[in-house]
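Asks: Offset between the sequence shown (1-based) and our numbering: plus 9.
Just so you know, these hints were derived from the structure itself, not from any lab. For glycine and all other residues, C-beta sits at the position ideal for the given N, C-alpha and C. Any given hint could turn out to be false.
Straight-line Cα separation of at most 30 Å, DSS-like style, residue types lysine-lysine; simulated pairs [stated by the list, open to error]:
(1) Lys66 with Lys18
(2) Lys42 with Lys18
(3) Lys68 with Lys57
(4) Lys18 with Lys68
(5) Lys66 with Lys42
(6) Lys68 with Lys42
(7) Lys42 with Lys57
(8) Lys18 with Lys57
Pair ranges (Cβ atoms, derived) [to be verified]:
(9) Ala22 with Thr58: 13 to 23 Å
(10) Arg44 with Ala21: 12 to 22 Å
(11) Gly13 with Thr71: 28 to 38 Å
(12) Ala74 with Pro15: 25 to 35 Å
(13) Leu24 with Lys68: 10 to 20 Å
(14) Arg69 with Gln34: 18 to 28 Å
(15) Gln25 with Met65: 19 to 29 Å
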Amino acid sequence: AVPGRPRTKFSAAQLQELERSFRQQRYIGASEKRRLAALLDLSQSQIKTWFQNRRMKFKRQTQDAR
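Given these sequences and hints, build the entire structure.
Replies: Here you go:
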């Protein structure tokens, strides 16, 4: 965790775009990361972290379904 940095609250529009990208590919490439960062006005590290967290959530959901 980065001290002194508040938690990012993603807007509905940002989440919609992030989820759409995630459905296409669970691992984001550098160019797509740059595209999303510019499009959504977020940093590339925020995008990277979102994808990491989303993969964990995805993994938990698929394990729970068994």
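Asks: Evaluate each hint against the coordinates.
Replies: Now the hints, each set against the structure:
1. Lys66 with Lys18: Measuring from Cα to Cα gives roughly 17 Å; hence the hint holds.
2. Lys42 with Lys18: Given that 30 Å is the threshold and the Cα spacing comes to 18 Å, the pair holds.
3. Lys68 with Lys57: OK: lysine 68 and lysine 57 at ~17 Å, within 30 Å.
4. Lys18 with Lys68: Holds, at roughly 22 Å.
5. Lys66 with Lys42: 19 Å, holds
6. Lys68 with Lys42: Holds, at roughly 21 Å.
7. Lys42 with Lys57: Measuring from Cα to Cα gives roughly 7 Å; hence the hint holds.
8. Lys18 with Lys57: Judged against 30 Å, a Cα distance of about 15 Å means the pair holds.
9. Ala22 with Thr58: 13 to 23 Å: 18 Å, holds
10. Arg44 with Ala21: 12 to 22 Å: 19 Å, holds
11. Gly13 with Thr71: 28 to 38 Å: 35 Å, holds
12. Ala74 with Pro15: 25 to 35 Å: 33 Å, holds
13. Leu24 with Lys68: 10 to 20 Å: The hinted range 10 to 20 Å holds for leucine 24 and lysine 68, with Cβ atoms some 19 Å apart.
14. Arg69 with Gln34: 18 to 28 Å: With a Cβ separation near 19 Å, arginine 69 and glutamine 34 satisfy 18 to 28 Å, so the hint holds.
15. Gln25 with Met65: 19 to 29 Å: 20 Å, holds
Checked against the numbered hints above, the structure violates none of them.
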